[in-house]
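Residue numbers (our numbering), protein chains in the order written: chain A, 103 to 352; chain B, 1217 to 1326.
Worth flagging that the hints you see were computed from the coordinates, not collected in a lab. For each residue, glycine too, the CB sits at the ideal point set by N, CA and C. Careful, some of the hints might be misleading.
On the chain B side, residues computed to face chain A include the following (Cβ under 7 Å) [unchecked claim]:
1) ASN1240
2) PRO1245
3) ARG1256
4) TYR1264
5) GLY1288
6) ARG1293
7) THR1296
8) VAL1297
9) ARG1314
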Amino acid sequence: MKGTRIAERLLSCVTTPARAASQVGDLLELSRSRGTLWFWRAVLGNAAHGGVRFMMAFASAFACSQTIAMLWAHGILGNQPDRNSVYTVGLLVLAPICAVPVFLLLRFGWRDDHARFSLLFALVAAISFLCYPHTGFRWTLPAAAVFIASVTLAKGRRRNRIPLQSLAQISYAVAISVSGLVLFFLVLLFLWALMCWWVNLPQAFGVVIATLAGHPVNDLINAMICLVIVRVSERMRSAGLTRSALQTTR
Amino acid sequence: MNVGLNLGEWEQIVLLAVLRCESNAYGVPIRDEISLCTGREPSTGALYTTLDRLEDKGLLRSRMGTPTAERGGRARRFFTVTAQGKAAIVRAQSAYRRLLEGLDLLKEQA
Chain A
103 MKGTRIAERL LSCVTTPARA ASQVGDLLEL SRSRGTLWFW RAVLGNAAHG GVRFMMAFAS
163 AFACSQTIAM LWAHGILGNQ PDRNSVYTVG LLVLAPICAV PVFLLLRFGW RDDHARFSLL
223 FALVAAISFL CYPHTGFRWT LPAAAVFIAS VTLAKGRRRN RIPLQSLAQI SYAVAISVSG
283 LVLFFLVLLF LWALMCWWVN LPQAFGVVIA TLAGHPVNDL INAMICLVIV RVSERMRSAG
343 LTRSALQTTR
Chain B
1217 MNVGLNLGEW EQIVLLAVLR CESNAYGVPI RDEISLCTGR EPSTGALYTT LDRLEDKGLL
1277 RSRMGTPTAE RGGRARRFFT VTAQGKAAIV RAQSAYRRLL EGLDLLKEQA
């Protein structure tokens, strides 16, 4: 049957690649007596079923991230209130470390290693981040938390994984989120330039900047950061699951 | 925590079907077993979501088999019920049995 790779990629969006591959294999077996139409209907049905939990978890993580952004904007988290530029470095660190455990706990449940680890990490990092006014403490304590959590992840079932690998994965996740944000701003910059050239009005700059400072765009940026973070978290988790499944098979 | 009381009817059906399939418990036979025993054809989406959820809860364990050509080079995912899963199903079924005791509903059906 043609297009099974597409089906696999579609299902990979809502489950791990290994699980998606086995599901497509099962559907291929079943579709021999039912036909191609049944196969695609089943693939879409599976994607919808798997997607519901993802969407619920994502919506909750986004709400958590938005709440933190709102508290930050009003200076309730011990910071200086700054309503004009909500996206300071502090918030960009704090919002993801609180939103990710919410997402993972709802998506995979309390028994999941990654969910527990991210919750532990978020607790340590958020407390240290909010409690210590000194800049040095702000950055060294979360860094120490990352290292401790990485060592914890390397123990137990994943004995062959060295702490540096876990650390590298987390750094990779942060790098992806930051680069996603930079890319988003570059696209916006390009659109501004295009609009000003096309409209040929200097006022256009003012209008666009005023719009960007407003809440809807901030929400959009927040949603994008959240989405990038959760996708990276899912990929990290699925990579771990695939590795452990392969080990079990061997 | 009493895990057995948290099992829904559908979860119990899936766990029992996995037990009945023994060493050949992957998606297709599990679905066939449910169809055969309950008379209803479950949607594959509901089945896989439940299998994933039960695995996440620690009631099931899965391992990947060897890839086969008939499945486009994809491996089967075989499930086994964990000791925790067996305990959960026994607790849930015991509750049903206690509720049925003295009612003789099963004898009337026969």
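To see whether the hints hold, each was checked on the structure:
Given the 7 Å rule on beta carbons, the hint for B/ASN1240 is violated: about 13 Å separates it from the nearest Cβ of chain A. Restraint check, B/PRO1245 versus chain A: the minimum CB separation of about 10 Å is more than 7 Å; hint violated. Annotation: interface hint on B/ARG1256 violated; nearest CB of chain A at approximately 16 Å, more than 7 Å. Among the interface hints, the one on B/TYR1264 holds; its C-beta lies about 6 Å from the nearest C-beta in chain A, closer than the 7 Å criterion.
Annotation: B/GLY1288 was flagged as interfacial toward chain A, and the flag holds, the nearest CB pair being 5 Å apart, inside 7 Å. With a least beta-carbon distance of about 4 Å to chain A, the hint placing B/ARG1293 at the interface is held under the 7 Å criterion. For B/THR1296, the interface hint is violated, the least distance from its beta-carbon to any beta-carbon of chain A being 11 Å, above 7 Å. Nearest Cβ of chain A to the Cβ of B/VAL1297: about 16 Å, over the 7 Å cut. The hint is violated.
At its closest, the beta carbon of B/ARG1314 sits 28 Å from a beta carbon of chain A; the interface hint therefore is violated under the 7 Å criterion.
In summary, the structure is inconsistent with hints 1, 2, 3, 7, 8, 9 from the numbered list given earlier, while agreeing with the others.
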